[in-house]
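Trainee: Here are the chains, one letter per residue:
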Amino acid sequence: MVTMAATANHIEVRDLRLSYGMKEVIHGISFDVRQHEILGVIGPAQSGKSSLLRCLNRTIDFTPDTHVSGTIEVDGEDVRKTGNVYALRRKIGMVAPLPVGLPLSIYDNVAFAPRCAGLNRKSDLDTIVEQCLRQAALWDEVKDRLDSLGTKLSGGQQQRLTIARALSHEPEILCLDEFSIAIDPVTTMRIEDVLKELRRHMTIVLVTNLTQQARRLADRTMFMWKGEIVELDTTDVIFSEKPKDQRTRDYVEGIFG
Amino acid sequence: MNALPASSRFTETPAVRRKLRQEALAKWIFCAMAAAMVVPLLLIVGYLVVRAAPSLNLEFLLEVPKRGMTEGGIWPALIGTLYLVFISLAVSAPIGILAAVYLNEYARDNWFNRVINLAVINLAGVPSIVHALFGLGAFVYAARFGYSIISASLTLAIMTLPVIIASTREALASVPRSFREACWNVGATRWQTIKAIVLPNSISGILTGVILQVSRAAGETAPVMFTGVVFFKSVERGDLLPYYLNEQCMALSMHLYTISTQVPGVQPSIPFATAVVLLALVVIVNATAISLRVYLRSRKKW
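Chains as they are written, first to last, in this note's numbering: chain A, 1 to 257; chain B, 1 to 302.
Be aware that a few hints might be false.
Stated by the list, open to error - Incomplete in silico selection of chain B near chain A, CB under 8 Å:
(1) 59
(2) 184
(3) 187
Read the hints as simulated data drawn from the structure, not as lab findings.
Bear in mind the structure is a predicted one, so any value in this text is a computation, not a measurement.
Note that CB positions come from ideal geometry on N, CA and C, so glycine has one too.
Put together the whole structure using the sequences plus the hints.
Mentor: Structure, rendered in structure tokens:
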């Protein structure tokens, strides 16, 4: 994937600040995400990783009393000035830490986003549902019971259903927020294989608490701590003997954090 | 400190015995209080049914009052109460549910919405006699509906509205926020989220809240007696549509009050039978609400 690294930036973040009420949680960070790379974001709890993702697709708007400044550009368009926030959210697939099967059938879970976007042809929806469930490595397990409830699936299956739903609106960027905290290692490895497959078509931002997961998957890795970027470099450098910052080295070696 | 010898761990000290005694006593006191609550209910229902027995039959329901309301049945009052309840809830349920959806799903925390919230809470605390005076001023005089079914129903609607808003908000809030966030993440608008996820999964709670207001609207006397319910109205026996909306009507609660206190020489079983009918109405409505909730909860999806 190294050959891809030279292509344009998919996301450009400049001097992003975020406060909840009076408390600033992201202190002016700037970074780029390149086309078709997997950017790993590591860091301890409360370092602003999840909040950062919520700024990207502007679901931060749903939290009262937040203040955002700086710019976030996706494909050159400032997300905070965009006229169509729903199109922005369709462009960015988002997978939350805990699996959420909506209280709908498996089929409707995946068809929900296309329907919201105005797609209603049964044949089109059938195609999307099958394709997304296949991409999320869930199709073989559920193809005979697409009418049963998404909420009745096991945790690991629900997480793959969540990923299928995030893929259903044909995103160009996929953000995963600690997707593996509620699922077992075997399922985690299956989803990691899925991600390796998906990076061909899309840019992936992978927020994770498992530093080894970033090491396995990410092209570049960003270490965040207390709302700041300590270091952003290729994964090889971050996990090598000598990252630039001592804190990065301590964190990836498990000395603190 | 060293651990106690193993044998002494399980010996009963006076402190342990006292603790166990208190525990047993506490449990009995709480249980007795809970049981005591059932006693008045049984006494009331039993007493009413026994005294009402001579009049309790289908004729009593369908017949109109006779001989200056001293004999006969309660048909005009029964049908009047149904009119009032149905119309008032037809007004307050849609307004209340839609208002609650706004307050729970859309409203941000600003002064405008805080004022609305405050208004809802205070409106719920206003005594029914004050609602009656408001209805008299607003609907009977200002809106020129006169003393009529429509005025009385609207007064009841105002009275039930805040409670419907409160119960609907509670039902909406019981749908986990993670469902909403999952919908927003895939580009759904708030309304698409509400339509697809929030309402279908809170409808049982919403309906229960509305149905429970039926019994409240049926039982209140004050708000309707100032605004549209009268002492006596001549109606055909068993007539299902005896009233026009701009007319006054009879109602069970008011009827019970008048035949118990205002009319001399009423057959003694009639007031009791009227009370039993009113009580039965409430019980039927509550039972409907409970079975609806049980049914919808059995289909709960998470």
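Trainee: Run every hint past the structure and note whether it holds.
Mentor: Here's how the hints hold up against the structure:
1. The criterion of a C-beta within 8 Å of any C-beta in chain A is not met by residue 59 of chain B, whose closest approach is roughly 50 Å, and the hint is violated.
2. Evaluation of the residue 184 of chain B hint against chain A yields a held restraint, the C-beta minimum of about 5 Å falling below 8 Å.
3. Evaluation of the residue 187 of chain B hint against chain A yields a held restraint, the C-beta minimum of about 4 Å falling below 8 Å.
Consistency with the previously given hints fails for number 1 only.
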